[in-house]
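Protein chains: 2
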Amino acid sequence: MAISKKVKTAMEDSSWVRRMFEEGEELKRLHGVSNVFDFSLGNPEMEPPPSLKKELRALADHPIAGMHRYMANSGYSETRAIIARFLADETGLPFDERHIVMTVGAAGGLNVAFKALLDEGEEVIVPSPYFAEFRFYIDNAGGRMRLVDTHDDFSLDLEGIEKAIHRNTKVVLINSPNNPTGVVYDPSSLEKLATILRKKGQELGKTIYLITDEAYRRIIYDQVKLPIAFQYYPHTLRVTSHSKDLALPGERIGYIAVHPHCGEAEALISALIFSNRTLGFVNAPALMQRLVAPLQRNSVDVRVYEEKRDLFYHALTSFGYQVVKPQGAFYIFPKAPIEDDVTFVKDLQSKRILTVPGRGFGKPGYFRIAYCVEKQMIERSLTGFEEVAFKYGLKKTG
Amino acid sequence: MAISKKVKTAMEDSSWVRRMFEEGEELKRLHGVSNVFDFSLGNPEMEPPPSLKKELRALADHPIAGMHRYMANSGYSETRAIIARFLADETGLPFDERHIVMTVGAAGGLNVAFKALLDEGEEVIVPSPYFAEFRFYIDNAGGRMRLVDTHDDFSLDLEGIEKAIHRNTKVVLINSPNNPTGVVYDPSSLEKLATILRKKGQELGKTIYLITDEAYRRIIYDQVKLPIAFQYYPHTLRVTSHSKDLALPGERIGYIAVHPHCGEAEALISALIFSNRTLGFVNAPALMQRLVAPLQRNSVDVRVYEEKRDLFYHALTSFGYQVVKPQGAFYIFPKAPIEDDVTFVKDLQSKRILTVPGRGFGKPGYFRIAYCVEKQMIERSLTGFEEVAFKYGLKKTG
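Residue numbers (our numbering), protein chains in the order written: chain G, 1 to 398; chain E, 1001 to 1398.
These aren't lab readings, by the way, just hints derived from the structure by calculation. Hints are not guaranteed to be accurate.
[Said to hold, decoys possible] One-sided and incomplete, this derived list gives chain G residues near chain E with beta-carbon spacing under 7 Å:
#  : residue
1  : 43
2  : 46
3  : 60
4  : 70
5  : 104
6  : 111
7  : 132
8  : 249
9  : 266
10 : 267
11 : 268
12 : 271
13 : 274
14 : 285
15 : 325
16 : 392
[As the list claims (entries may be wrong)] Not the full set, but computed from the structure, chain G residues with beta-carbon under 8 Å of chain E:
#  : residue
17 : 61
18 : 89
19 : 91
20 : 110
21 : 280
22 : 383
23 : 386
[Unchecked claim] Over the 10 Å line for every Cβ pair with chain E, so calculated as not near, a few chain G residues:
#  : residue
24 : 7
25 : 8
26 : 48
27 : 155
28 : 160
29 : 196
30 : 225
31 : 251
32 : 282
33 : 362
34 : 389
35 : 393
All C-beta atoms, glycine included, are put in the ideal place defined by N, C-alpha and C.
Working from the sequences, and respecting the hints, build out all of it.
See the structure below:
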């Protein structure tokens, strides 16, 4: 056979995603792109903030000698120093540039972190529903993913996590604001999680690392403040990107920040840099490292997303859908009115609405809507959601 | 332990590289950067061609809506179509955009190719001396590297390669122009290699893939024409980047091209795209995909490198060093006058000259000079090379 058996199996396992994608494309061919309501992808339609465009113009007009050359595999010292200062301000912890490794987005950062941390067969605990790509990232490094269900409101099941930790556990990975649920874990659950990790670490005589995927950290509503995991637990790595806050997903720019008091921080940071190099990333894209450095406090206008969240949340609940109100990211994860989420998602397709079945996130019986699209598309789609709700008797008066 | 045992071992094994790097840094601290002749890294001091800078200004001044968003994991259709047209012209083969996957440089491309092709324990044959990172790339995908020595002039030992092929062989990887030797494999050796791969493939009842790492394909001298592997063997993947020809190494932009008649091409291309996504690259940097598309026939001024090659080659041979004259890339790989290349490299350090011992490329007894530096640095370093030659009796008259 031409291709790796493992890759072949993984591709077959996710072939229903492909089939649904192809059905969506077919719908677009039939009805025209503007008549299909595509909520299947987290590809923000927003443009980067004007400050970024200005920085790009400045660099293009006045190029710096050597600005496209290799730099240290961890990234530009200047960029890392700026990020470290930002983190020191945010956390009160003594971050400096050594604690930052610039990466090819958060996806690159997670692969680097798992490669640096995991031995063959070591486990990573992931609360479910979860971003399905995590499974591949962990497997790439020879690790094993152990899912722990969240509660009905998608908050962390701390007892479940504690029970799942055993001698092979190396990492707990959390993603907040969460894809696919939009949930933000509250300070008290982070505090309790930290207590559990300390206790179990002591019992097992090892350090359990906490990795926080904070790709959506700036996309947050209702004046909620994202609790800072660094303040609860020292053995923490933050993996994040500027894909969402600066609307640069195609540019692949992010970073890993290692808690200054993290266990064996120096060896860990060396291993991260080594992995960034040898996994073939080599370094985060040079030009983007320069562009994002001065924009650590900037962000796209989050109210635009909040308005769309409100629009969807109010409409869907008024149609009778059961929905946990998202506090961040740009996803909403309602319960499907029937158990079979794939059938339900096909019902929505018949209304030219594209969503992703919950089983794509380890949670059958739900579906994900990505609302990082134009407001008008949301408004025009609502009738379709209402009609399907009516079909399943969610809404009594049509 | 905090970090992966495998990563720890790999880092320890290469710790002498680190030690030498640190000694070099110490020299720079002692004598000042401009008084240390650093030939240790392939980080070109050249700037991208003016055409690229112009493209960047045009895009910065007139941004295209959505130009920083995600695109297909294989890259922009437009960019792939332009590259495919270029390849069709070059080879006479029916390349189209489906045969191109844009990658995060050649290092990213090689990791993607190995992930897509290799099952646990399958072997990749690599002619030695070789670029040492290949070992990690192959290991990342669970493969095993099998080195086959080249001849004294660093040409391919085709008999040796034929003998090394067995039922677990999946890939032969060649790198031409070669790092560290600068050698370009000639048409006849590619033709013979193709014959061997066909014959052994038939004997073993499987397809053996040829991967050509052509990162230095435009850096070529003496009006030598780089033979096109695609024209000799259908089961060929070209992995390359614009790090060297457009002097963009920090930007991480390259591609994989799959021969249109490659065995199971469709499955293979799907696996490449899947691996590009799940290894965490997601896609090649968006802005760079646009910038390099119209510049497929452009390149930095290669005569600048050729002049430096000539300078070094003539000086070193006149000092009595045994040197195979490089026909491409920007490396020269002379024989050390003593067996112990690390000791010899330290002798050069005593003259404030930084090079890399041959054992870093699987070839003790040699050393690598990367001459992608300012001409003046080369000129100022020559006395040091001469003095060390004299010490070892290479040069009789001092």
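Task: Indices of hints not satisfied (ascending) - done: Hint check: 2, 7, 9, 15, 16, 18, 19, 22, 23, 24, 25, 26, 31 and 32 fail, others pass.
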